[in-house]
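J.: First to last, the protein sequences are chains A and B. If you count the first sequence from 1, position 409 lands on 409 in the working numbering, and the numbers rise without skipping. If you count the second sequence from 1, position 82 lands on 1082 in the working numbering, and the numbers rise without skipping.
Treat the hints as calculated values from the structure; they're not laboratory data. Treat the hints with care, since some could be wrong.
[Unchecked claim] Restricting the straight-line Cα-Cα distance to at most 27 Å, the calculated cross-link-like pairs of lysine-lysine (BS3-like) are:
1) Lys387(A) - Lys1439(B)
2) Lys422(A) - Lys454(A)
3) Lys1079(B) - Lys387(A)
4) Lys445(A) - Lys1386(B)
5) Lys358(A) - Lys287(A)
6) Lys434(A) - Lys1344(B)
7) Lys1079(B) - Lys358(A)
8) Lys431(A) - Lys287(A)
9) Lys243(A) - Lys221(A)
10) Lys358(A) - Lys1348(B)
11) Lys1142(B) - Lys1386(B)
12) Lys287(A) - Lys1499(B)
13) Lys387(A) - Lys1344(B)
14) Lys383(A) - Lys1079(B)
15) Lys387(A) - Lys429(A)
16) Lys356(A) - Lys1079(B)
17) Lys421(A) - Lys1386(B)
18) Lys1079(B) - Lys431(A)
19) Lys193(A) - Lys147(A)
20) Lys350(A) - Lys1344(B)
Values in this document were obtained by computation on a predicted structure and should not be read as measured data.
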Amino acid sequence: MESNVSDFILFIGRFHPLIVHLPIGFLCFAFMLELVGHYKKQPAMTSAIPLALLTGAISAAVACILGFMLSKSGDYEADVLNVHFWFGIATTGITFLAWLIRSEKINISKFEKGKHHISSLALIVVLLSVTGHYGGNLTHGDGYLTKYAPFGKKPIKELPQISKLEDAIVYDYLVNPILQNRCVSCHNNSKKKGGLSFQDTIAIQNGGKNGAAFVAGNAAKSEMIRRVLLDEHHEDVMPPEGKTPLTEEEVEIMKYWINNANADFSIKVGSVKTSEAIRSIASNMLKIEGVVEKSVETLPILSKINDEILNEVIASGFKVRELVFESNLYEIVLPTSTITEDNKDELDAKLLKLLKIKEHIFWLSLGDNSLNDSHLEVISQFKNLRKLNLYKNQITDSGVMALLDNESITSLNLYQTNVTKKSLDLFSKMKNLKRVYLWGTDIHKNDLSPYLSKEHFPEIVL
Amino acid sequence: MCNNHDKLRSNNKDLQNIEKQWDRRTFFKKTSLGLGAIALGSLLNSEKSWANVGSFADDKYALDALVKNNLGLPHHLPKAKRVVYLFQSGGPSQIDLFDYKPKLKDMFGNDLPDSVRAGQRLTGMSADQTAFPIAPSIMNFKQYGESRAWVSDAMPYLSEIADDLCFIKSMHTDAINHDPAITFFQTGSQQPGRPSIGSWISYGLGSDNDNLPTFISLVSKNGSGQPLYSRLWGNGFLPTEHQGVQFRSGKDPVLYLGNPENYDGEDRRNMLNYLNKLNGIAYDTYGDSEINARISQYEMAYKMQTSVPEVTDTSDEPDYIFDMYGEDSRNPGTYAANCLMARKLLEKDVKFVQLYHQGWDQHANCPGGLKMQCKNTDQATAALIKDLKQRGMLEDTLVIWGGEFGRTVYSQGQLTNTNYGRDHHPKAFTMFMAGAGIKPGFTYGETDDFSYNIIKDPVHTHDFQATLLHLFGIDHERLIYKYQGRRFRLTDVHGKVVKDILS
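All chains, please: the whole structure from these sequences, using the hints.
T.: What follows is the structure, encoded as structure tokens:
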């Protein structure tokens, strides 16, 4: 894989992927002309075929030469390259032959006229396809074409789900996913940019042209880390300009693996010295909850709501707003005084509409709309609800009781409702509750004193 | 994004023929760049790049517009749902209000060292002074709350809620005179013509209340000084429906909402329906988006006939609320009354309420003038924040207090033991914010001993604007509007979100 080819050869060679599309176009077009000419009985069409074949053959020859130059970089896997090389030569050769026959430079009139034209062109198209396919594999990696195909999906090797961060194998659970996401598209066993592949552990240990990618115990000296941390416009930066760089968290994980885990492939988090920061990043990556208090809230991932259902909700008078574009998380507001004493029978039906999108409701405002305790039983089923505004409604302590099952609410607005200090006990049991607004209720400042020493007690605003 | 405002697409045969006539320049542009653009378009996310097409024509899209933002907003989970921006026009003196500089006491009357001023340009009003005598603040400062924030005794009410506020003491701006500086703060450019912050937010996020404008501005009547122009809440090049609607100070905030004499207004709905139809035909013919703006303005005016009298009526507010905002709050059009009105508008989910209070321009008689300004505003500002908090609204309402620049440490004009004036100072001044997503009880940034230069964590006007948009879930680099061939942002090519003040 040693490359001592001059840069100029490689420069020219890199035009291969560009030029290679010319013969593809010419030859496919020739085939189409032949088909149309033959079956539509339009012989005029066929008169252009020799020209298409000749240009196809010449451009194919040029593509072959450029391709040969490119192959000198040594970035490609020898076996696939070999196949691609010979198929390319064969395609070019046969195209020339076809042109010779077609322009009657060679006479093979003893065959039935017409048939051999079609068959030779069909053969060329087949050869083109095969060559092209191998070429594509070389550039994009094996399986690029069918990765998202609806059929024949290979089951992805699933790592067993773990519940404790300590049990996670550092390489398998943390490092490998990063390499797979960011590096492997160019550094794999068939496309070894810089002679380096991250496809499996053996390949990683082999390193690349510039030696080992990772120096156990010393991230600063590891080529991979050095390249990743270069300025984004530096010539050597990895991933190269235009590809998505590693996030800060990912770099931290890589450093942690090299420095603390000695770039070992089987060691577990539990047996490595792990800082709080790393634990937090790692548990975020693995979606292990409760290990570390998370600073950034992760949003639940939800499917799209049917338009009809959403329109029904809007038609019943709710203001609907998606909180993050395409997150399917919504803020729902029932404008104040939509429901008054006069039309309070309508409220139940309206809330039932919300039940259809219960998981999608993130913030909910129902203030000043003649709600009573019975309505809160519906609301407590909204499993992703964070902010709940219930101010100026007929809500009492038993209504708060109904919300006890809901563990997601972080902010509860109950100003000018009929709750009493009995509710304070209930608030202390709602473990994610952070703030409760109780201005204008019967609760007074000195009612709070028994709770202030409690470990889980939300901030109360009076 | 939204390029379709640039070009008229009509359904009129004659007009279409004119549109089809390509001049030489168009021909070259389309033939040379057009193909490339198509290729690029398909490389980029094709679904999104066509997302706007037909949004007026198709009912389904119109319905989608209710819930789906066709600009791909918000970019991330917002903290703020609404904002009230208490603009203190004129440039409040940070040295006399928040930026406590005890060392100045010993330097009374000394000339400001050149090393501090460092050749900084001054306004024409004090550049000719032979000396720049240091004028320590006459106000007494104390620390308040658990956060131990310094506040002067000119702001007795605000000092009570210091723990809810986040002071930024390291604001700086580019402009040194009022109009360019205010225009810079409100629109991101010193030259007039760009959309104001409220218009950008209205354009980006739309309305939360169909019956009231998304962006409302109020100018209090009990402050006077440098004039304010309506372009400060103007829509610039954004579609006209995004401009701020000014509520006048006084009894009748919006004129001509009442029905004229001898007309009961009963058939107005019919009239509007018919007018909308006609306007719809005109839009179909000429394709000018301003026609749509006109339709929506007629509709809004119709709805405001009922919604505005309702929301501006403060008669149902209990006495203790008026007491909280201060005696002025019973007098419509004062700063205090506007603060109360602002709360009512915010309660109705008006997204952007912009208050202006003039008169903070103390070139002369700084101590007296400042005390007067504070007397007119301090209680109501504090009351608004407290009122929002007790209603649970401070959680998703952003409160901003600040002017267009600060004031100098040296005295403009004569310095005496009891009196001094201060000139404009853009290099360092104080603002505070509270509420949605902002760290309460926090002070960010520092100035030198003269409150003249920033020594830690500078926050530029564009940084402030970027942070404001960030709190609404908007990445300020991605809220873009293409106008006359150029892509515009509120923060132009600047601005960094001040992450350290976010909770």
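J.: Would you mind marking each hint as holding or not holding in the structure?
T.: Hints versus structure:
no. : hint                    : in the structure
1   : Lys387(A) - Lys1439(B)  : holds (19 Å)
2   : Lys422(A) - Lys454(A)   : holds (16 Å)
3   : Lys1079(B) - Lys387(A)  : holds (11 Å)
4   : Lys445(A) - Lys1386(B)  : holds (16 Å)
5   : Lys358(A) - Lys287(A)   : holds (23 Å)
6   : Lys434(A) - Lys1344(B)  : holds (26 Å)
7   : Lys1079(B) - Lys358(A)  : holds (22 Å)
8   : Lys431(A) - Lys287(A)   : holds (20 Å)
9   : Lys243(A) - Lys221(A)   : holds (24 Å)
10  : Lys358(A) - Lys1348(B)  : holds (25 Å)
11  : Lys1142(B) - Lys1386(B) : holds (21 Å)
12  : Lys287(A) - Lys1499(B)  : holds (25 Å)
13  : Lys387(A) - Lys1344(B)  : holds (21 Å)
14  : Lys383(A) - Lys1079(B)  : holds (20 Å)
15  : Lys387(A) - Lys429(A)   : holds (17 Å)
16  : Lys356(A) - Lys1079(B)  : holds (26 Å)
17  : Lys421(A) - Lys1386(B)  : holds (23 Å)
18  : Lys1079(B) - Lys431(A)  : holds (22 Å)
19  : Lys193(A) - Lys147(A)   : holds (21 Å)
20  : Lys350(A) - Lys1344(B)  : holds (26 Å)
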